[in-house]
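Please build the complex by placing chain B on the supplied structure of chain A, with the hints as guidance.
Note that the protein sequences, when read in sequence, are chains A and B. Okay, so the first sequence: first residue is 34 according to our numbering, each after it adds one. Okay, so the second sequence: first residue is 34 according to our numbering, each after it adds one.
Do not rely on the hints blindly, as some may be mistaken.
Which copy? The list can't say, so a pair holds if one copy fits it or any two copies do.
Unchecked claim - Simulated crosslink set (DSS-like; lysine-lysine; CA at most 30 Å straight-line):
(1) 137 - 74
(2) 126 - 74
(3) 89 - 137
No lab work stands behind these hints: they were computed from the structure. From a predicted model like this one, the values you see are computed outputs, not experimental measurements.
There are 2 protein chains.
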Amino acid sequence: MVRLTIRVDFEPGHALGPGKIHLLEQIDETGSIRGAAAAMKMSYRRAWLLIQATEKTFGTPLVVAAAGGRRGGGASLTDLGKRVVGLYRQIEKQAGKATVRSAKALAHSRHSKLKKPQKSAKNKQS
Amino acid sequence: MVRLTIRVDFEPGHALGPGKIHLLEQIDETGSIRGAAAAMKMSYRRAWLLIQATEKTFGTPLVVAAAGGRRGGGASLTDLGKRVVGLYRQIEKQAGKATVRSAKALAHSRHSKLKKPQKSAKNKQS
Chain A
34 MVRLTIRVDF EPGHALGPGK IHLLEQIDET GSIRGAAAAM KMSYRRAWLL
84 IQATEKTFGT PLVVAAAGGR RGGGASLTDL GKRVVGLYRQ IEKQAGKATV
134 RSAKALAHSR HSKLKKPQKS AKNKQS
Chain B
34 MVRLTIRVDF EPGHALGPGK IHLLEQIDET GSIRGAAAAM KMSYRRAWLL
84 IQATEKTFGT PLVVAAAGGR RGGGASLTDL GKRVVGLYRQ IEKQAGKATV
134 RSAKALAHSR HSKLKKPQKS AKNKQS
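Pulled out of the complex, with its shape left as it was, chain A reads as follows:
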């Protein structure tokens, strides 16, 4: 088994990876930040901080309050939020496709899959 996990790096302190993207997708799916946080087994506060960090990177809201009950209400993705998720998943797909051969070659370099693990070399002091 081999697959890539991709992080898109902008300036230092501004990166977009699978965690933030999955959170946005879960908000889209569950219709609320609380639901998304629960689905990902993270605290509401953690989810909130991740959203804030992502919005800081993009400089504009990715998640908005949706019309809902008096308390709690719901949340949904803005058009930009959807676009960011779509582009990230597209990058992931394109990267995966372009690297199939090399990734397989890397996986095949793993001798542990062919035989029992060998001992690591000793005397590596230096």
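Relative to the frame of chain A, chain B by itself:
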């Protein structure tokens, strides 16, 4: 500015990312684990643990003791070690090339680069 950072995931607990690769490259360049650790501002112990983890993933030595002084000696990459570094850098290059357009589109979605940052939406309770 936008660039990808890639982690290659095998089974859970077995992944290969930029840190381990950079360490192997530094060993190749400095000719010793200690030199590589110093160049990366990490402890010898940390470097050693990273090498051990990577060798566990590949089931065979990636770094070997090189002929050197009585104490310390040197270290170099095995053929497989070089191959792993080469394949990872190849994956990185192929992924970067295949995703140029989408990555640029993502970078252009960042309004903060065009104007001053906007305030995050309020009332996202849910």
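Checklist entry - Any hints this thing doesn't respect? Which numbers, in order? => result 1
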